[in-house]
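Each chain is listed here by its residues.
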Amino acid sequence: AQSVAQPEDQVNVAEGNPLTVKCTYSVSGNPYLFWYVQYPNRGLQFLLKYITGDNLVKGSYGFEAEFNKSQTSFHLKKPSALVSDSALYFCAVRDYDTGGFKTIFGAGTRLFVKA
Amino acid sequence: DTAVSQTPKYLVTQMGNDKSIKCEQNLGHDTMYWYKQDSKKFLKIMFSYNNKELIINETVPNRFSPKSPDKAHLNLHINSLELGDSAVYFCASSQAKETIFDEQYFGPGTRLTVT
Chain L
1172 AQSVAQPEDQ VNVAEGNPLT VKCTYSVSGN PYLFWYVQYP NRGLQFLLKY
1222 ITGDNLVKGS YGFEAEFNKS QTSFHLKKPS ALVSDSALYF CAVRDYDTGG
1272 FKTIFGAGTR LFVKA
Chain A
3 DTAVSQTPKY LVTQMGNDKS IKCEQNLGHD TMYWYKQDSK KFLKIMFSYN
53 NKELIINETV PNRFSPKSPD KAHLNLHINS LELGDSAVYF CASSQAKETI
103 FDEQYFGPGT RLTVT
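Line by line, the protein sequences give chains L and A.
The opening position of the first sequence corresponds to residue 1172 in the numbering used here, with each subsequent residue numbered one higher.
The opening position of the second sequence corresponds to residue 3 in the numbering used here, with each subsequent residue numbered one higher.
Hints are computed from structural coordinates only; laboratory data are not their basis.
Heads up, a few of these hints could be off.
Computed list of lysine to aspartate or glutamate pairs in DMTMM-like fashion (alpha-carbon distance at most 20 Å, straight line) [what the hints assert, rightly or not]:
hint, chain 1, residue 1, chain 2, residue 2
1, A, K73, A, D40
2, L, K1220, L, E1237
3, A, K42, L, D1180
4, A, K46, L, D1266
5, L, K1220, A, E105
6, L, K1229, A, E55
7, A, K38, L, D1266
8, L, K1248, L, E1179
9, L, K1273, A, E105
10, A, K46, L, D1180
11, A, K42, L, E1179
12, A, K38, A, E105
13, L, K1273, A, E60
14, A, K21, A, D87
15, L, K1273, A, E55
16, A, K42, A, D87
Use the sequences and the hints to build the structure in full.
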């Protein structure tokens, strides 16, 4: 079965510093990986995805993610954090189930950016 | 111009009652989902529909019954509510059933509290 792990419950970073939110995955076939962000009392918003090709994927709000096949990782990064980036971040992998595709989410990592 | 909308936003009810949550998407997507997010923010898929047809049904009590009158709507009816049903329920949609790499668009969530 496919799975996603986010090893950190929380990441703290100062505004202006680079940030990394970690994600590792386990898949039986090709990985289809996603990052979503959830602001307080809101639904999830899509940030970026890796399907194939370039290992560095660029997404919304200045975020990017690096796919590393040998380390089975898909870490989310941003060169300079903003206080407004504080939110809950979910890594996800798409999996095929009987009848269709479903998304398996990690447990989430809460990012705090301090001014 | 809301993409995925849910009603109500908040729902407080007593054990044993029956309640419904409605979801509508105006994105023209073929596939819709229901997710449950528990108090620890863990997100788990419950159901997935494609063009009104149920395609994924996770291990969910049969007190939960989804209904899709057309591909733009997916409602969730819950019978005999229990304390453990308290959670935030998210509706989501994605473009097509056959495409593994489609991102999902989430509604704002319905916070259900069972007392």
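Taking the hints in turn, this is what the structure says about them:
no.: 1; hint: A/K73 to A/D40; result: 27 Å, violated
no.: 2; hint: L/K1220 to L/E1237; result: 10 Å, holds
no.: 3; hint: A/K42 to L/D1180; result: 11 Å, holds
no.: 4; hint: A/K46 to L/D1266; result: 13 Å, holds
no.: 5; hint: L/K1220 to A/E105; result: 8 Å, holds
no.: 6; hint: L/K1229 to A/E55; result: 34 Å, violated
no.: 7; hint: A/K38 to L/D1266; result: 18 Å, holds
no.: 8; hint: L/K1248 to L/E1179; result: 14 Å, holds
no.: 9; hint: L/K1273 to A/E105; result: 11 Å, holds
no.: 10; hint: A/K46 to L/D1180; result: 17 Å, holds
no.: 11; hint: A/K42 to L/E1179; result: 14 Å, holds
no.: 12; hint: A/K38 to A/E105; result: 18 Å, holds
no.: 13; hint: L/K1273 to A/E60; result: 10 Å, holds
no.: 14; hint: A/K21 to A/D87; result: 11 Å, holds
no.: 15; hint: L/K1273 to A/E55; result: 15 Å, holds
no.: 16; hint: A/K42 to A/D87; result: 14 Å, holds
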